[in-house]
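Residues per chain are reported as follows:
Number of protein chains: 2
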Amino acid sequence: MPVRIGIDGGGTSTRSLIYDDEEGILAEAGGPACALSGGLERALQSIGQTLEQALTKAAEHGRPVPARPGAIDAVCLGISGAASLPAGQPLSEGVSRFLGERGYPVSPERILVVSDIEIALAGALGGAPGVVLIVGTGAVAYGRSPGNRTFRADGWGWLLGDAGSGYDIGRAALRAAFAIQDGRREDKTSSGLVAAVTAHFQVSALSQLVPMVYEGRIKVSDIAALSPVVAELAAAGDPVCLAILDEAAEALAQSVLAVVSRLYSGEGEGERPTGPIPVSYQGGVIRHSPVLRELVVRKIEAKGERLGVRCRVKPPAYEPVVGALLLAGASPEKL
Amino acid sequence: MPVRIGIDGGGTSTRSLIYDDEEGILAEAGGPACALSGGLERALQSIGQTLEQALTKAAEHGRPVPARPGAIDAVCLGISGAASLPAGQPLSEGVSRFLGERGYPVSPERILVVSDIEIALAGALGGAPGVVLIVGTGAVAYGRSPGNRTFRADGWGWLLGDAGSGYDIGRAALRAAFAIQDGRREDKTSSGLVAAVTAHFQVSALSQLVPMVYEGRIKVSDIAALSPVVAELAAAGDPVCLAILDEAAEALAQSVLAVVSRLYSGEGEGERPTGPIPVSYQGGVIRHSPVLRELVVRKIEAKGERLGVRCRVKPPAYEPVVGALLLAGASPEKL
Chain A
45 MPVRIGIDGG
55 GTSTRSLIYD
65 DEEGILAEAG
75 GPACALSGGL
85 ERALQSIGQT
95 LEQALTKAAE
105 HGRPVPARPG
115 AIDAVCLGIS
125 GAASLPAGQP
135 LSEGVSRFLG
145 ERGYPVSPER
155 ILVVSDIEIA
165 LAGALGGAPG
175 VVLIVGTGAV
185 AYGRSPGNRT
195 FRADGWGWLL
205 GDAGSGYDIG
215 RAALRAAFAI
225 QDGRREDKTS
235 SGLVAAVTAH
245 FQVSALSQLV
255 PMVYEGRIKV
265 SDIAALSPVV
275 AELAAAGDPV
285 CLAILDEAAE
295 ALAQSVLAVV
305 SRLYSGEGEG
315 ERPTGPIPVS
325 YQGGVIRHSP
335 VLRELVVRKI
345 EAKGERLGVR
355 CRVKPPAYEP
365 VVGALLLAGA
375 SPEKL
Chain X
45 MPVRIGIDGG
55 GTSTRSLIYD
65 DEEGILAEAG
75 GPACALSGGL
85 ERALQSIGQT
95 LEQALTKAAE
105 HGRPVPARPG
115 AIDAVCLGIS
125 GAASLPAGQP
135 LSEGVSRFLG
145 ERGYPVSPER
155 ILVVSDIEIA
165 LAGALGGAPG
175 VVLIVGTGAV
185 AYGRSPGNRT
195 FRADGWGWLL
205 GDAGSGYDIG
215 RAALRAAFAI
225 QDGRREDKTS
235 SGLVAAVTAH
245 FQVSALSQLV
255 PMVYEGRIKV
265 SDIAALSPVV
275 AELAAAGDPV
285 CLAILDEAAE
295 ALAQSVLAVV
305 SRLYSGEGEG
315 ERPTGPIPVS
325 YQGGVIRHSP
335 VLRELVVRKI
345 EAKGERLGVR
355 CRVKPPAYEP
365 VVGALLLAGA
375 SPEKL
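Protein sequence lines correspond, in order, to chains A and X.
Quick note on the numbering used here: the first sequence kicks off at 45 and runs consecutively.
Quick note on the numbering used here: the second sequence kicks off at 45 and runs consecutively.
Honestly, I wouldn't trust all of these hints.
[As the list claims (entries may be wrong)] Quick list of in silico lysine-lysine cross-link-like pairs, BS3-like style, CA-CA up to 27 Å:
#, chain 1, residue 1, chain 2, residue 2
1, A, K378, A, K101
2, A, K358, A, K343
3, X, K343, A, K263
4, A, K347, A, K358
5, A, K347, X, K232
6, X, K232, A, K343
7, A, K358, A, K378
8, X, K101, X, K378
9, A, K232, X, K347
10, X, K358, X, K347
11, X, K343, X, K358
12, A, K232, X, K343
13, X, K263, X, K232
What the hints contain is simulated information worked out from the structure, not anything from laboratory work.
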């Protein structure tokens, strides 16, 4: 019963899954954020905490991981920011040390550290090649071709990019609310946005937000937290919020098509897909807004057609943490 | 020879003008920024410095201001942020004390403190009612009706508004450069923007900007400083930069029309203009980009027509500091 571990080291939470080649998933545990920006030690602490909990739970469920070499076959850790930081080796060594100290010796070579977008892709498409669109506070499209080439579009952060992200949607909503109040919009359609924004931030007038924003009391994540408000109003037919989501969807579809164009533009014959190109998505903002999702799907398919490629958008097969398990060698049949 | 003083207390520089009812402008002096956000003391220091210099220059030019009560008839200080801060009285008293200590007694009642947008309007339209559009790092439209009602649209700062500002133009340029590099733009038109942005920030690749931005080494004013680069490329026909300026112009025209609608929608019969509504502009971003200016003018006139009002956009008559002089009682004939 070789054991595999998948870890999703995200910017807002960390999750660990323990999987057995015969039994499937044995246990799962979640914990605090794991962004590398908070330092390697902090990240390792979060990872260790969720690993320890998951191992304890597996034992409590009567399926303890044996404390001997080879019991844990492989670990895959997907971590936010791993793409741009030379953190792979220290993280592999840190996780190896942590597991070793608790009686589960695993060599660092069996501990794969990849970017969070890599596990998101693997989870969304069950390990198959294709493209994933990730829309949370930030936004990025990432793909892997059948010939194993990869390409990332956007993911440049709240100021330089992340076009169509939760932050972008929240920012557009804030700006639209002020524009509506000023009378700066040509469409005189009434919108519940001003009331929804003031209610969300628990203020009685928009102008109270001004010092809150410029004194730094409203942060990037607080602005992204407005996106469910926009999604809800859009679902109820609010034209201003529908326009905000339409613009976000446009940008998100562009990111996906940039990846599709790069990976499937037929540089090698083997890269030319016979069937449609598999596309999926991850992230709370797109998963929780059917309106945004439908707009994105429609735009991806339409833009693809104009480029002469067929894209087929499917709901994600698995979450990113399961993608990590797949990259650690788990078999999709047991999930 | 009653003397009047106009002061423009701006966020990037301070200017003082000394004027004599018979001779016209006697002297002028400039100094460092005067934003109230830096504290009242700092603002008063900048103001004092430019006042002292201007008074010295006037004396050097053989036209000293007599050190006796009544020699200085009135002072008008337009200061950034004065609209939202209760700083009027302490500023009046501070300037009065400063002048008194140097032998020029002026009672605080003769020292008018107004917002920077008020002196910009007075300067742009030579003291007449109408609307001014101010486009610098930020953007705001402000107007005064013949019946003395006022209205401000936008000016909500870089995150919540300032639609069409230098910051907005620079931010759009940064985002467009990353999108072009990713292949996220549908128009495959080549653009000199990526090269211009990297040259402007003296980096060899766009990706080097990522840590600079998120570690806070690139600030709001640095982003606004990209707008002349965009203006130059647009003037040379670059389609991406033209599109950025077009979107900025659209937002700026909306702000102007919001003010026009509010002030001239015929609430009182006396407010209904017989001739066209006078509109002008101030600020480095619009003054230094003929392309932006032409787009804004065209859009204001077209949008006005759709609303059934005639707007006539004229170049600014005077700078804001001269607007302060006019509000201090100077006669336009002597300027």
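message: So if I understand the rule, the pair passes when the alpha-carbon distance is 27 Å or less; does K232 (chain A) with K343 (chain X) pass?
response: holds (18 Å)
message: Just to be careful, I want the Cα atoms of K343 (chain X) and K263 (chain A) compared with a cutoff of 27 Å; is the pair within it?
response: With a Cα-Cα distance of about 35 Å, the restraint between K343 (chain X) and K263 (chain A) is violated, given a limit of 27 Å.
- request: Decide if the proposed pair is consistent with the structure: K358 (chain X) and K347 (chain X), CA atoms, cutoff 27 Å inclusive.
  value: holds (16 Å)
- request: Could you grab the alpha-carbon distance between K378 (chain A) and K101 (chain A) and see if it respects the 27 Å cut-off?
  value: With a Cα-Cα distance of about 19 Å, the restraint between K378 (chain A) and K101 (chain A) holds, given a limit of 27 Å.
message: Would the hint linking K358 (chain A) and K378 (chain A) be met if the CA-CA limit is 27 Å?
response: Cα-Cα ~21 Å, so holds.
- request: Could you grab the alpha-carbon distance between K358 (chain A) and K343 (chain A) and see if it respects the 27 Å cut-off?
  value: holds (14 Å)
task: Starting from K263 (chain X), check that the Cα of K232 (chain X) is at most 27 Å away, please.
output: Status violated; Cα separation ~30 Å.
query: Hey, K232 (chain A) versus K347 (chain X), does the alpha-carbon distance stay inside 27 Å?
result: Holds, at about 14 Å.
Given pair status - K343 (chain A), K232 (chain X), alpha carbons within 27 Å: Status holds; Cα separation ~18 Å.
field: Given pair status - K358 (chain X), K343 (chain X), alpha carbons within 27 Å
entry: Roughly 14 Å between the alpha carbons, so the hint for K343 (chain X) and K358 (chain X) holds.
message: Would the hint linking K347 (chain A) and K358 (chain A) be met if the CA-CA limit is 27 Å?
response: holds (16 Å)
- prompt: Quick one, are K347 (chain A) and K232 (chain X) close enough, alpha carbons at most 27 Å?
  reply: holds (14 Å)
Consistency note: the structure conflicts with the earlier hints numbered 3, 13.
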